[in-house]
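Protein chains: 2
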Amino acid sequence: MRHSFLMVGQSNMAGRGFLKDVPPICNERIKMLRNGRWQIMTEPINYDRPFSGVGLAASFAAAWCKKNKNEEIGLIPCADGGTSLDDWAVEGVLFDHAVFQAKIAQRTSMLDGILWHQGENECSPERSSRYHEKFLLIVEAFRRELSVPDIPLIMGGLGDYLCSGMFGEYFQEYPLVNKELENFSNTQENCYFVTASALQANPDGIHMNAVSQRIFGLRYFEAFDKLQNILEPLKGENSAVNIDCERPLSKTERITLLENKFVKGDLSLEAYQAQLAKINSQM
Amino acid sequence: MRHSFLMVGQSNMAGRGFLKDVPPICNERIKMLRNGRWQIMTEPINYDRPFSGVGLAASFAAAWCKKNKNEEIGLIPCADGGTSLDDWAVEGVLFDHAVFQAKIAQRTSMLDGILWHQGENECSPERSSRYHEKFLLIVEAFRRELSVPDIPLIMGGLGDYLCSGMFGEYFQEYPLVNKELENFSNTQENCYFVTASALQANPDGIHMNAVSQRIFGLRYFEAFDKLQNILEPLKGENSAVNIDCERPLSKTERITLLENKFVKGDLSLEAYQAQLAKINSQM
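If you read the sequences in order, they're chains Y and D.
Mapped onto our numbering, the consecutive letters of the first sequence carry residue numbers 1 to 283.
Mapped onto our numbering, the consecutive letters of the second sequence carry residue numbers 1 to 283.
Simulated from the structure, these hints should not be mistaken for laboratory data.
Don't take each hint at face value.
No copy labels: a pair is met if it fits in one copy or bridges any two.
Claimed, not checked - The list that follows gives simulated cross-link-like pairs (lysine-lysine, PhoX-like), each with its CA atoms no further than 20 angstroms apart:
#1 LYS69 x LYS251
#2 LYS20 x LYS261
#3 LYS264 x LYS20
#4 LYS66 x LYS226
#5 LYS251 x LYS261
#6 LYS226 x LYS67
#7 LYS278 x LYS261
#8 LYS235 x LYS66
#9 LYS66 x LYS251
#10 LYS278 x LYS251
Let the hints inform the model, and build the full structure from the sequences given.
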């Protein structure tokens with residue numbers, strides 16, 4: 001059985017962490033949806049922009065795999081950078097697109113959770129005060145359209161770094177959004193809030209860096225697994241950056257990584273054939 | 001008015017040309033669909049695999065822009081590497097996904113054409129002999145579902161390089177597929193065949209290289225523009241690699257390219273701010 005998770009929200013759900021900053025996660029039990037079909041996950045998962053990178057879903061999935069030994073997880077990337085709650089309104093293109101992707105995933109998986117991160121666009125007293133009312137309509141509609149009335153929704157907070165970056169002036173009111181998100185999780189069924197406390201940003205001061213995304217994914221998984229809010233950093237969470245590094249790669253995973261390099265043009269035909277022969281001879 | 005084109009088929013429609021081999025195309029009148037929304041096109045357009053690269057759609061769109069001076073083109077990427085005609089069968093996930101993407105594009109554009117490249121997976125006497133019958137069902141269903149009964153369909157041939165690559169043994173019968181594709185265009189309304197004659201492959205011997213994809217896009221546009229088969233290489237087609245290079249970039253395009261580099265981590269904050277200030281002062 002494959003268990004799938006819908007990724008929705010804005011850029012920090014899509015992921016902007018730099019790929020070069022963390023070890024890759026390649027695990028044949030982690031799949032992602034492309035064109036309605038599942039393939040082995042490679043970051044960037046959520047390719048909403050040319051500069052998509054590391055998001056929280058990869059380490060979330062790796063943590064899920066540690067807990068669920070013989071099953072497969074499928075990620076459904078639908079987040080889109082810079083989008084507001086109004087952009088996500090029911091029957092808008094983002095909402096309809098996400099519902100379609102989740103429905104097509106449901107043909108071959110059980111939809112187990114919704115991962116949401118959004119709010120940088122709502123950092124004003126006026127906008128944040130309407131977060132609850134607007135978001136409730138969206139959550140109710142997702143659950144209704146996808147026939148998953150009780151599905152857990154994990155929603156992360158905004159980073160404390162936001163005010164000190166190059167666009168810091170726009171984010172002064174971010175604590176209001178965090179308050180709304182936490183309040184939403186406390187008043188709505190099966191919704192859980194995850195703090196972004198202590199997480200760090202890229203040089204742009206807006207996007208969470210790759211190491212922090214790995215940690216954030218662990219916190220999201222903890223919320224999903226325990227069905228509770230995560231209001232403090234986790235003990236030992238700094239190990240998140242190496243979350244899938246100790247496990248020896250399977251033959252399929254090694255061939256996947258090799259093929260990715262070769263077809264992309266980063267490996268000569270001769271080197272590819274030699275390394276492929278080596279993998280095949282070892283197993 | 002925005003005019004959109006649906007990209008469907010297997011890897012050579014998705015594009016596997018190496019990005020480093022050709023100058024980028026950045027034109028604010030060329031958009032691509034992501035999450036149901038339009039954004040300025042950056043390659044890879046059709047991100048079906050981690051190794052997606054240059055396909056024919058970018059130079060097709062650039063040629064379209066030269067002809068249509070004041071309008072916008074939108075690309076709808078739905079091709080998926082390694083897929084067979086059976087994978088594309090009506091009501092399968094690839095078909096349903098493509099129909100959904102095209103429909104969401106139709107909310108904000110006029111669907112003007114379908115770009116198809118598929119056939120490497122049909123290189124046997126048995127499979128190629130059923131190409132016409134299987135593909136006709138797909139084409140008729142696309143036209144019906146999208147309410148575009150007369151929409152032009154441009155379908156390219158398979159490359160002559162196929163037999164000589166590392167997997168050449170699987171492609172010995174590729175001329176049978178080309179014959180079927182050409183025959184389809186000659187017997188079905190508003191379908192046009194484009195030769196892949198003289199085009200070249202990556203070291204894998206399967207995927208068309210970036211320069212050839214630029215040329216192929218020009219041939220596809222010629223077929224669309226003249227509504228006729230293209231059975232020979234075009235005169236002067238080698239200029240395709242520089243198709244959008246002479247045009248001075250607009251302010252929006254320069255900022256887009258700069259932002260892509262910065263957010264991806266390829267430019268420091270200081271360099272980004274300095275270059276942004278320069279662009280803003282010049283215009």
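The hints, checked one at a time:
1. For the homomeric pair LYS69 and LYS251, the shortest alpha-carbon distance inside one copy (18 angstroms) is at most 20 angstroms, but the shortest distance between copies (52 angstroms) is not.
2. Taking the closest pair of Cα atoms, LYS20 and LYS261 come within 20 angstroms of each other both inside a single copy (15 angstroms) and across two copies (14 angstroms).
3. Both within a single protomer and between protomers do LYS264 and LYS20 lie at most 20 angstroms apart by alpha-carbon distance, with minima of 17 angstroms and 10 angstroms respectively.
4. In the homo-oligomer, the alpha carbons of LYS66 and LYS226 lie at most 20 angstroms apart inside one protomer (15 angstroms), although the nearest pairing across protomers, at 57 angstroms, exceeds that limit.
5. Taking the shortest Cα distances, LYS251 and LYS261 sit within 20 angstroms of each other inside one copy (16 angstroms), while across copies they are farther apart (35 angstroms).
6. Proximity of LYS226 to LYS67 under the C-alpha cut-off of 20 angstroms is restricted to the intra-copy arrangement: shortest distance 12 angstroms within a copy versus 59 angstroms between copies.
7. With identical chains, the CA atoms of LYS278 and LYS261 are at most 20 angstroms apart within one copy only, with a shortest distance of 16 angstroms there and 37 angstroms across copies.
8. Taking identical chains as interchangeable, the C-alpha atoms of LYS235 and LYS66 lie at most 20 angstroms apart only when both belong to the same chain, with a minimum of 17 angstroms there against 59 angstroms between chains.
9. Proximity of LYS66 to LYS251 under the C-alpha cut-off of 20 angstroms is restricted to the intra-copy arrangement: shortest distance 19 angstroms within a copy versus 48 angstroms between copies.
10. For a Cα distance limit of 20 angstroms, the shortest separation of LYS278 from LYS251 inside one copy, 11 angstroms, qualifies, whereas the shortest one across copies, 51 angstroms, does not.
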